[in-house]
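Chains P and F, in that order, give the protein sequences.
So the first sequence is numbered by our numbering: it starts at 1 and just counts up by one.
So the second sequence is numbered by our numbering: it starts at 1 and just counts up by one.
These are calculated hints, taken from the structure and not from any lab test.
Among the hints, erroneous ones may be present.
[What the hints assert, rightly or not] Think about it this way: if two alpha-carbon atoms lie no more than 25 Å apart in a straight line, the pair counts; the simulated SDA-like pairs of lysine to any residue are:
| id | chain 1 | residue 1 | chain 2 | residue 2 |
| --- | --- | --- | --- | --- |
| 1 | P | 55 | F | 111 |
| 2 | P | 55 | F | 329 |
| 3 | P | 86 | F | 332 |
| 4 | P | 55 | F | 174 |
| 5 | P | 55 | F | 275 |
| 6 | P | 55 | F | 282 |
| 7 | F | 299 | F | 275 |
| 8 | P | 55 | F | 216 |
| 9 | P | 86 | F | 293 |
| 10 | P | 86 | F | 275 |
| 11 | P | 86 | F | 270 |
| 12 | P | 55 | F | 334 |
| 13 | P | 55 | F | 219 |
| 14 | P | 55 | F | 150 |
| 15 | P | 55 | F | 331 |
| 16 | P | 86 | F | 220 |
| 17 | P | 86 | F | 218 |
| 18 | P | 86 | F | 354 |
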Amino acid sequence: MKKSPNVFSISRHLLWPWVCLLACMIVACGQDGDNSDIILAGTLQGTALTENPDKPVLVAVLPDDPDRPLATPALADVVLMVSADKTDYSFRLDLTEPGLAPGQSVNIVAFIDMNYAGGLPSLDAGDMVGFYIDAQTFSAAYELQPGLNDGGNLPINRKIYDHQASLQFRMAENLGVVPAAGDNVLVYAVHSQGLDLAARSVDTDYVVGMARVVVGQDGPPYPLDLLTAIYTGIAVSEDPFGLDDLRLVAILDNAPANGRPDAGEYLGFTLLAFDVADGIQEIPNRIIFPGDGFVLPSP
Amino acid sequence: MDSKRKTTGRRMGLMPWLAAALMLCAPQPTAAELQTFGFIELDNLVNTYADQDFADAVKKNEIRANLEIKYGRDDLHLFMKSDFYYAPNLSGDDDPYDYRYAAESEVANNLRISGTEYEADFNELYLDYQFSPFRLRLGNQLYKWGTADVLNPTAYFNPYDFREFLLRDDDQFKQGVPSLSGMYFHDRFTTELVFSFAHVPTLFAPSGNFWSLDMRNALYTSRVGSDDSLPTQWENTGIGGRISATVWGTDLSLSAYRGPDRDPVMVPEQVSFPPDEPLLLVIEPRYHIVNMFGMDFSKTVGDFVFQAEAAYSPNKRSLVMQDLSGLDTVQIPFDTRESDFISYAAGFNYFVPTGKIFENHGGETVFTLDWFQARYADDDLYGAYFTDLLTLRLQDTFMDGRLLFKYTAMFETQHSGSLQWPELTLDFQNGWTLALAYVAIDGDLDGETFEPLFYHYRNNDFVSFKIRYQI
Numbered sequence: 001m002k003k004s005p006n007v008f009s010i011s012r013h014l015l016w017p018w019v020c021l022l023a024c025m026i027v028a029c030g031q032d033g034d035n036s037d038i039i040l041a042g043t044l045q046g047t048a049l050t051e052n053p054d055k056p057v058l059v060a061v062l063p064d065d066p067d068r069p070l071a072t073p074a075l076a077d078v079v080l081m082v083s084a085d086k087t088d089y090s091f092r093l094d095l096t097e098p099g100l101a102p103g104q105s106v107n108i109v110a111f112i113d114m115n116y117a118g119g120l121p122s123l124d125a126g127d128m129v130g131f132y133i134d135a136q137t138f139s140a141a142y143e144l145q146p147g148l149n150d151g152g153n154l155p156i157n158r159k160i161y162d163h164q165a166s167l168q169f170r171m172a173e174n175l176g177v178v179p180a181a182g183d184n185v186l187v188y189a190v191h192s193q194g195l196d197l198a199a200r201s202v203d204t205d206y207v208v209g210m211a212r213v214v215v216g217q218d219g220p221p222y223p224l225d226l227l228t229a230i231y232t233g234i235a236v237s238e239d240p241f242g243l244d245d246l247r248l249v250a251i252l253d254n255a256p257a258n259g260r261p262d263a264g265e266y267l268g269f270t271l272l273a274f275d276v277a278d279g280i281q282e283i284p285n286r287i288i289f290p291g292d293g294f295v296l297p298s299p
Numbered sequence: 001m002d003s004k005r006k007t008t009g010r011r012m013g014l015m016p017w018l019a020a021a022l023m024l025c026a027p028q029p030t031a032a033e034l035q036t037f038g039f040i041e042l043d044n045l046v047n048t049y050a051d052q053d054f055a056d057a058v059k060k061n062e063i064r065a066n067l068e069i070k071y072g073r074d075d076l077h078l079f080m081k082s083d084f085y086y087a088p089n090l091s092g093d094d095d096p097y098d099y100r101y102a103a104e105s106e107v108a109n110n111l112r113i114s115g116t117e118y119e120a121d122f123n124e125l126y127l128d129y130q131f132s133p134f135r136l137r138l139g140n141q142l143y144k145w146g147t148a149d150v151l152n153p154t155a156y157f158n159p160y161d162f163r164e165f166l167l168r169d170d171d172q173f174k175q176g177v178p179s180l181s182g183m184y185f186h187d188r189f190t191t192e193l194v195f196s197f198a199h200v201p202t203l204f205a206p207s208g209n210f211w212s213l214d215m216r217n218a219l220y221t222s223r224v225g226s227d228d229s230l231p232t233q234w235e236n237t238g239i240g241g242r243i244s245a246t247v248w249g250t251d252l253s254l255s256a257y258r259g260p261d262r263d264p265v266m267v268p269e270q271v272s273f274p275p276d277e278p279l280l281l282v283i284e285p286r287y288h289i290v291n292m293f294g295m296d297f298s299k300t301v302g303d304f305v306f307q308a309e310a311a312y313s314p315n316k317r318s319l320v321m322q323d324l325s326g327l328d329t330v331q332i333p334f335d336t337r338e339s340d341f342i343s344y345a346a347g348f349n350y351f352v353p354t355g356k357i358f359e360n361h362g363g364e365t366v367f368t369l370d371w372f373q374a375r376y377a378d379d380d381l382y383g384a385y386f387t388d389l390l391t392l393r394l395q396d397t398f399m400d401g402r403l404l405f406k407y408t409a410m411f412e413t414q415h416s417g418s419l420q421w422p423e424l425t426l427d428f429q430n431g432w433t434l435a436l437a438y439v440a441i442d443g444d445l446d447g448e449t450f451e452p453l454f455y456h457y458r459n460n461d462f463v464s465f466k467i468r469y470q471i
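Here chain P stands alone, though its shape is the one from the complex:
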């Protein structure tokens, strides 16, 4: 090729510094960035796992919803969902990319798609589900820390039922401790097997519904929707839907008013058990607060 006597001909020799400079841009010593990974890991347990080895087992993380800690999650709200490792029924979620930060609270749900027939899994009636819940605080909130977070051993011990059961209840207004207008009251529908009135404690596995009401604002009567995910240790009538032998348990959330049960807060309950069917029904027994303090379940 004919060389033209111009600056670009001369600059062939000057090309090499350009090449070196550009090469340095390619191969530069990079600095390691901060490692702010958030990993959540744990294990799953439950007979449904070993009895259904061909069904998908998934673990999902959702933003914490303190009002409904045991609610069947909507997959549209999921931050991240992964498959469990079926060799040892462990799970591990890398929550760094979804944008979660240390200090944030999440809910952890595991489920087995029992009616999976190919395609995409779904969470619906018949599936088995398990929640992370702090048995002492009744809270499903898990606060994330930097690095590895221990999600513990999640029991997949609830089955999802298709129902619209809902309760309407009242509190006694002239017996025992009467909550004042504006007081926060935490109310749980509990199967009698999980209620130990003598010990003044509740086994969270037997909680089948919950509500948080403000006295005088949300009722009376106050609403309480039953959960669709019910512990397998409770006998459930499926067709038609029905639950027997339930009691309402309430905690006057005022010492402190923090949205969760604390030891010593007044414990209330319905004196008689009742049965529930699908649909809305009003409970004739009112919740009475005798004046005893709630006792947190043993760790």
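Given chain P, work out where chain F should sit, using these hints.
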């Protein structure tokens, strides 16, 4: 029966190469001439996404060797235009798979030989035989049918290489297909017939690549499956013809085609559950036989060259829409269905008379506008992946061709997608050229379940520089 078909397919695939070899060995009456051209190039790409280490930001260091050979006479010669690529991991990146040519070693029907770090392409490798007024070609060929500047609706034969989205160089953007073509030159028209005997699929970046189509959301990861070509058998051959003429000062062409659709239907086909990972949705590119009819024209009016191109198919396939609001209602695999389909491109090139404005401006200034749209008649089908695309390009040369400036802007108007692409090339006119470019990509999700491509690549902004030496 299947093994017999496979044997027949292999024989068909080998036939053109055997024929070419035999013709080369045939004695030639006059001396053959060997002409060689080529270049060697170092191409580097650095992602400008801020939240990563610099070593991770270096996405490509590629050595490219281009070789063009013509051996023989003008009326009988072997022509080859090939590229050899090697992409070593120079930056010490922990993830060396940011840029891979293929997921694993493979040899395609058009002799493309790919590994993870290397590739050899023979997009043009054919025997050319001319005996006026005919011309025959046998081998890998590129058919430059159509007049559009970006996407050609009537380029039925040559599949695209989307391994760098829309950003491959013009000479890398389409793949040659093994074929036999015949051209007839008449005083008033030209006609070309093409028979392609082996299917070549569209290329997508493999999984894990910087340009891969892997999509990840809270519930699942989607991954494009392998680029399986249709079996090499008579049913999957392609045949097409084009007739071109100049009528009333307008270059006009009519074309028709029957054969494998250049554009695959991306079918969500299967679900798996890898441990500790979101569920995996595998999307398989599926190819079907289509009939296409097209036309294109080009007309010069003053400093403007107007061009348009359109193609119609009565049986192009796409995915049947599903209700994606709940996972439990989604059926895997998706169904596909045939539909009437039309795609067109229209635009112009304006040769800006900058010499009249700036006396010393010695170069050529061209402004290009191109609009591309594709539509299925069936409203129950998902639309084409590329559609509603407006491209604007301004290019100018200065200092007697030593400096080339090019600015390309693409707008995907359905989802506010955009791509801004300025390039500066310095030609030292001693064989060396240096090209610098920057690409910025943006787009909106707009609530779509399947990410629009511009949105998917919104973090793929990059700076590139190439150093080339022309042999």
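Problem - Hints violated by the structure (numbers, ascending) - result: The structure breaks hints 1, 4, 7, 9, 14 and 18; every other hint is satisfied.
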